[in-house]
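Undergrad: Listed below are the residues making up each chain.
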Amino acid sequence: AQTVTQSQPEMSVQEAETVTLSCTYDTSENNYYLFWYKQPPSRQMILVIRQEAYKQQNATENRFSVNFQKAAKSFSLKISDSQLGDTAMYFCAFMGTTSGTYKYIFGTGTRLKVLA
Amino acid sequence: DVKVTQSSRYLVKRTGEKVFLECVQDMDHENMFWYRQDPGLGLRLIYFSYDVKMKEKGDIPEGYSVSREKKERFSLILESASTNQTSMYLCASSLGGAKNIQYFGAGTRLSVL
Numbered sequence: 001a002q003t004v005t006q007s008q009p010e011m012s013v014q015e016a017e018t019v020t021l022s023c024t025y026d027t028s029e030n031n032y033y034l035f036w037y038k039q040p041p042s043r044q045m046i047l048v049i050r051q052e053a054y055k056q057q058n059a060t061e062n063r064f065s066v067n068f069q070k071a072a073k074s075f076s077l078k079i080s081d082s083q084l085g086d087t088a089m090y091f092c093a094f095m096g097t098t099s100g101t102y103k104y105i106f107g108t109g110t111r112l113k114v115l116a
Numbered sequence: 001d002v003k004v005t006q007s008s009r010y011l012v013k014r015t016g017e018k019v020f021l022e023c024v025q026d027m028d029h030e031n032m033f034w035y036r037q038d039p040g041l042g043l044r045l046i047y048f049s050y051d052v053k054m055k056e057k058g059d060i061p062e063g064y065s066v067s068r069e070k071k072e073r074f075s076l077i078l079e080s081a082s083t084n085q086t087s088m089y090l091c092a093s094s095l096g097g098a099k100n101i102q103y104f105g106a107g108t109r110l111s112v113l
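Keeping their order, the protein sequence lines are chains A and B.
So that you can map any letter, position 64 of the first sequence is 64 in the working numbering, and since no number is skipped, the others follow by simple counting.
So that you can map any letter, position 80 of the second sequence is 80 in the working numbering, and since no number is skipped, the others follow by simple counting.
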């Protein structure tokens, strides 16, 4: 069975600094998708970034980038130039493609606080 | 913009009551999902649906049922609410296909007393 592990329950970073959130996963599939979602306090969860496993190039969205290491089954999120609005719960998620179902496997989340 | 609307942000119910949580999406998405979010446990899938009148059990379906009579609406039902069902409930929807992202509602925080 697939699993997703986020080993950092809480993190903090100074405004304008860089922070990396870690995520590891376990799967026997070769094709799959990985996601980072952000849940701000009392607000809806939204997608931050998505990585397709067959693409070697790391995905980037403005200040957000990932370090995808397929062999190591690692998918970390780097936030550059952290802003107060980045304070949120961040979830890593895995979606396989072979089961025929479109179910996410979520990690337990990392609560990130950006300090002024 | 995709909109996923959950009928209540906060709900307080008594043990044994039948509880309905409603979710509506406006983007004609095939897939809809109900999750439960608890501290330290992340999001756990309760039920999902690929089409009208179709439903599949997720990881924690016990004590819950669902209904999807129309494509845009997916209801979660607690037949007889219990205190261990106190939680945050999130609804999501997506187009078909593994690469398609899920869009989430704002959540319903349910307290069962």
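You may find that some hints are simply not true.
To be verified - In silico SDA-like pairs for lysine to any residue, Cα to Cα no more than 20 Å straight-line:
(1) B/K57 <-> A/G85
(2) A/K78 <-> A/Q2
(3) A/K70 <-> B/G42
(4) A/K113 <-> B/V52
(5) A/K103 <-> B/G42
(6) B/K57 <-> A/K113
(7) B/K3 <-> A/K73
(8) A/K103 <-> B/K18
(9) A/K103 <-> B/H29
(10) A/K55 <-> B/S65
(11) A/K103 <-> B/S65
(12) A/K103 <-> B/K55
(13) A/K78 <-> B/I60
(14) A/K73 <-> A/K113
(15) B/K70 <-> B/M54
(16) B/K3 <-> A/K78
(17) A/K103 <-> B/Y50
(18) A/K103 <-> B/P61
(19) B/K55 <-> B/D28
(20) B/K53 <-> B/G42
(21) B/K3 <-> A/Q44
(22) A/K113 <-> B/Y50
(23) A/K113 <-> B/G42
(24) A/K103 <-> B/E79
(25) A/K55 <-> B/E56
(26) A/K78 <-> B/V52
(27) A/K103 <-> B/V52
(28) B/K18 <-> B/S87
(29) B/K57 <-> A/K55
Stated by the list, open to error - A few chain B residues that don't get close to chain A, going by computed Cβ distances all over 12 Å:
(30) D26
(31) R73
(32) S94
(33) I101
(34) Q102
Quick caveat, the hints were computed from the structure, so don't treat them as lab data.
As the structure is a prediction and not an experimental result, all values here were calculated from the model.
Where is the CB? At the ideal position from N, CA and C, for every residue including glycine.
Undergrad: If we take the beta carbon of B/Q102, is the closest beta carbon in chain A still more than 12 Å away?
TA: 7 Å, violated
Undergrad: Decide if the proposed pair is consistent with the structure: A/K78 and B/V52, CA atoms, cutoff 20 Å inclusive.
TA: It is violated: about 39 Å lies between the C-alpha atoms, which goes past 20 Å.
Undergrad: Holds or violated: B/K57 with A/G85, Cα cutoff 20 Å?
TA: At roughly 36 Å apart (the allowed maximum being 20 Å), A/G85 and B/K57 break the hint.
Undergrad: Holds or violated: are the alpha carbons of A/K103 and B/Y50 at most 20 Å from each other?
TA: Satisfied, since the Cα-Cα distance of roughly 11 Å is no more than 20 Å.
Undergrad: Between the alpha carbons of B/K55 and B/D28, is the straight-line distance 20 Å or under?
TA: Judged against 20 Å, a Cα distance of about 17 Å means the pair holds.
Undergrad: Taking 20 Å as the top limit, are the C-alpha atoms of B/K53 and B/G42 close enough?
TA: 28 Å, violated
Undergrad: Can the restraint linking A/K70 and B/G42 be considered satisfied, given a maximum Cα separation of 20 Å?
TA: Cα-Cα ~23 Å, so violated.
Undergrad: Holds or violated: are the alpha carbons of B/K70 and B/M54 at most 20 Å from each other?
TA: 10 Å, holds
Undergrad: Are the Cα atoms of B/K3 and A/K78 separated by 20 Å or less?
TA: 28 Å, violated
Undergrad: With d taken as the least Cβ-Cβ distance between B/I101 and chain A, does d exceed 12 Å?
TA: 5 Å, violated
Undergrad: A/K113 and B/G42: Cα distance at most 20 Å?
TA: 18 Å, holds
Undergrad: Within a Cα-Cα threshold of 20 Å, do B/K18 and B/S87 meet the stated pairing?
TA: Judged against 20 Å, a Cα distance of about 16 Å means the pair holds.
Going down the numbered hints, you'll see the structure goes against 1, 2, 3, 4, 6, 7, 8, 10, 13, 14, 16, 20, 22, 24, 25, 26, 29, 32, 33, 34, while the others check out.
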